[in-house]
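Protein chains in written order, with our numbering: chain A, 1 to 119; chain D, 120 to 229.
The set of hints was computed from the structure by calculation and includes no laboratory data.
Just so you know, these numbers come straight off a predicted model, no measurement behind them.
Using N, Cα and C, we set each Cβ at its ideal position, and we do this for glycine too.
It is possible that some hints are incorrect.
Unchecked claim - A short, non-exhaustive set of chain A residues, derived as facing chain D with CB atoms under 7 Å:
no., residue
1, Q48
2, V55
3, T107
4, G111
5, P112
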Amino acid sequence: EAGVAQSPRYKIIEKRQSVAFWCNPISGHATLYWYQQILGQGPKLLIQFQNNGVVDDSQLPKDRFSAERLKGVDSTLKIQPAKLEDSAVYLCASSLRGVSWTGEADTQYFGPGTRLTVL
Amino acid sequence: GEDVEQSLFLSVREGDSSVINCTYTDSSSTYLYWYKQEPGAGLQLLTYIFSNMDMKQDQRLTVLLNKKDKHLSLRIADTQTGDSAIYFCAERNSGYALNFGKGTSLLVTP
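The shape of chain A in the complex, shown without the other chains (with noise of 0.2 Å):
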């Protein structure tokens, strides 16, 4: 079973330009998410898809970020402009499962990240 790839997996940018990052789950998989790990830390939820439907975007900061999951499969997460504290490892993830699902621990399986580094 193939698992969670993201490109790129590294990109350099100045400071007030605009990045996009692509996601492809699982396959099969109903729910995606972007987390954002700032170096030092852990991973801090950006956004939360079921389907295409978006389940939370709470911590997203949408002045500059945005995202999507047209059709339900990839997705892709945008910064624009972007600023020096957005220097992070983009991680996505995805499970199998949806919110309504009660049963057994749905695992969140992830991809290796996108390193992006403002300058």
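Using the hints provided, position chain D relative to the given structure of chain A.
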């Protein structure tokens, strides 16, 4: 948001046991997780425990849960140099996303 707390660093000798501790915040969390992150890699799920359990064992890994104190621990038996990594404790929130601690950096010395 509320924080999941972990000690930041642990050093052990190869062959010894490692114990990584975590305190979580949400008493309604149904599942608690341990993830491992090696340099430049994504997060690898090690194990999880359901909140109505006190203990779960999986080969060299033992998870202990004290729900009253909201305390979770991960014990790695016979720690090897390949176990050197950052270990994250995480609680599942009501929307099924994960709330992570800052991670414990485990260094295993020969």
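Here's how the hints hold up against the structure:
Here the hint on A/Q48 is kept, as its CB sits about 5 Å from the closest CB of chain D, short of 7 Å. Evaluation of the A/V55 hint against chain D yields a held restraint, the C-beta minimum of about 6 Å falling below 7 Å. Interface hint at A/T107: satisfied, since its Cβ lies 6 Å from the closest Cβ of chain D, which is below the 7 Å cut-off. For A/G111, the interface hint holds, the least distance from its beta-carbon to any beta-carbon of chain D being 5 Å, beneath 7 Å.
For A/P112, the interface hint holds, since its Cβ comes within 7 Å of a Cβ in chain D; the closest pair sits about 5 Å apart.
Comparing the model with each numbered hint stated earlier shows that all of them hold.
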